[in-house]
Amino acid sequence: MRTVKSSTRLLHALTLLSLPVGWPFVTTPQAFAATILPGNEVAAPGVVTPTHRLALEQVEAGAVVEAEKTLHQILQDDPGNAQARLTLATLLQDQGRVKEAIDHLQYLVNQYPENAGLRHRFGIVLLHAGGVAQGIEQLNQAIQLKPDLIGARKDLGSTLLQRNMLMEASALYAETVRMQPENADAHNDYGVVLTRLGRLADAEQSFRHAVELNSEHSDAQYNLGVTLASQWRLDEAIEHFQKAIALEPSYADAHFHLGKAYFRQRRLDEAIAQFDEVIRLKRNYPEAHYHKGLALRKLGKQRAAVASFTEALRHDPNHSAAKYELGVMMADAGRFELALAQLSAVVHAKPDNAEAHYQMGRIHAKLNHPHQAIASFREALSLRPDWRAPLNDLAWLLATHPDPGVRDGAEAVRLAQQAHDANHEEIPLFLDTLAAGYAELGRFDEAQTTQRQAMQWAEQTGQAELAKDLSGRVPVYVKRQAYRQRLPATSDR
-6 MRTVKSSTRL LHALTLLSLP VGWPFVTTPQ AFAATILPGN EVAAPGVVTP THRLALEQVE
54 AGAVVEAEKT LHQILQDDPG NAQARLTLAT LLQDQGRVKE AIDHLQYLVN QYPENAGLRH
114 RFGIVLLHAG GVAQGIEQLN QAIQLKPDLI GARKDLGSTL LQRNMLMEAS ALYAETVRMQ
174 PENADAHNDY GVVLTRLGRL ADAEQSFRHA VELNSEHSDA QYNLGVTLAS QWRLDEAIEH
234 FQKAIALEPS YADAHFHLGK AYFRQRRLDE AIAQFDEVIR LKRNYPEAHY HKGLALRKLG
294 KQRAAVASFT EALRHDPNHS AAKYELGVMM ADAGRFELAL AQLSAVVHAK PDNAEAHYQM
354 GRIHAKLNHP HQAIASFREA LSLRPDWRAP LNDLAWLLAT HPDPGVRDGA EAVRLAQQAH
414 DANHEEIPLF LDTLAAGYAE LGRFDEAQTT QRQAMQWAEQ TGQAELAKDL SGRVPVYVKR
474 QAYRQRLPAT SDR
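Counting in our numbering, the sequence shown runs from -6 upward without gaps.
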């Protein structure tokens, strides 16, 4: 999730801020001074002395070492000077010296336990240092002391979401919405939590409240679009993505999801235009390259698709989906060994990818590696037991392979029958496989009857070429013979 000033965004995976929104505090000398001067919600008690003012001027001039010396001198003379101690903690924090900053903030919190702003600051620094439980505790105490401390609420909420503490985050954001019902940011943030909880209808309502309160809230428009798209309400989703982009033309995530919505509607050229815009705005965006490749492939632009998938892998070498697509395309082009290399990498990274196991089975079958093919088909079926494609392909291999050590007629019939029954309609290829299984078992009359049914269904569905191919096996069964594949010379490994 991209860090924004006042709202939370959903991404493809609904990831969250890498750091709480309150970090870092200091970006410029002016911003530095603002964090410690009286009037700021995290200001320490007391006044800024002339010597303290000198330290601030030194920071603004870039004389950080001198400023630190000045602040240490102030604290040596007056250890209880809360303003100077907070300034020093901020200076140390800004330099990455978090442990030292924590020591000073701990001192201040001990001295002023009722100061909500100090606890907020302390909690953020603890989180940055890896003290998650302690940081959450300090943020909770800050909110208890000052319930309307919205910055602390946002930082605590994003922290809880990061750590998948969804129920706690939900309670926090629900309370924030009750406290500030007119706050569009609060409704937007609550919607993000509800989305993570799978409560899409409630999330949609929260995002709609946000855009009703502030129609120019680009994040809420975008989040509403993502929620609608997840329900395939694509026309509505597109409208909100377009509104987000109109408000913020450089909103890369909105362009990306608009492209995905166009892709789902088969508006492929428009989808590609959006993915190109994402890449222009943020070149290191592997998902945009990948989805552009999918659209190009559907348009038949194979070389361009390969280039896009390759680019996705350049930005994310572990992008399994891009490897899968490249593997399938290489197999279609007859480059089987290269295809196996890509698909093997996919199943190594994601052993539960049934599609990759199935595609590997098909390639092994074409290369006459029957035992590897059987293993891959069975792995695919262990993940998706009623998937008809591997059921049929495995049955065909077991029924028709020339090697008797590979064939298993009874298993072939069982698998072919399962594929046929799972479809709830007559499919010529499934009947063809079932007939081959019957023939392997010596049940030639059933093989002839089933093969003729396959031919009939192919003719009735306008598949003349398939019907002609199927008819070639009928004489084999009439002769009381089983059908055998004609395989390439490549032997099993």
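Be careful, since some hints might not be right.
What the hints assert, rightly or not - Label-pair restraints from in silico Cβ distances:
# : residue 1 : residue 2 : range
1 : Glu175    : Leu376    : 42 to 52 Å
2 : Asp71     : Glu205    : 48 to 58 Å
3 : Ala266    : Glu168    : 36 to 46 Å
4 : Glu107    : Glu175    : 24 to 34 Å
These are computed hints drawn from the structure, not numbers from a lab.
No residue lacks a Cβ here, since even glycine has one placed at the ideal position from N, Cα and C.
Consistency of the hints with the structure:
1. Glu175 to Leu376: 42 to 52 Å: Holds, at about 50 Å.
2. Asp71 to Glu205: 48 to 58 Å: holds, 53 Å
3. Ala266 to Glu168: 36 to 46 Å: holds, 43 Å
4. Glu107 to Glu175: 24 to 34 Å: Holds: the Cβ-Cβ distance is about 29 Å, inside 24 to 34 Å.
Figure legend: structure checked against the earlier numbered hints; every hint is met.
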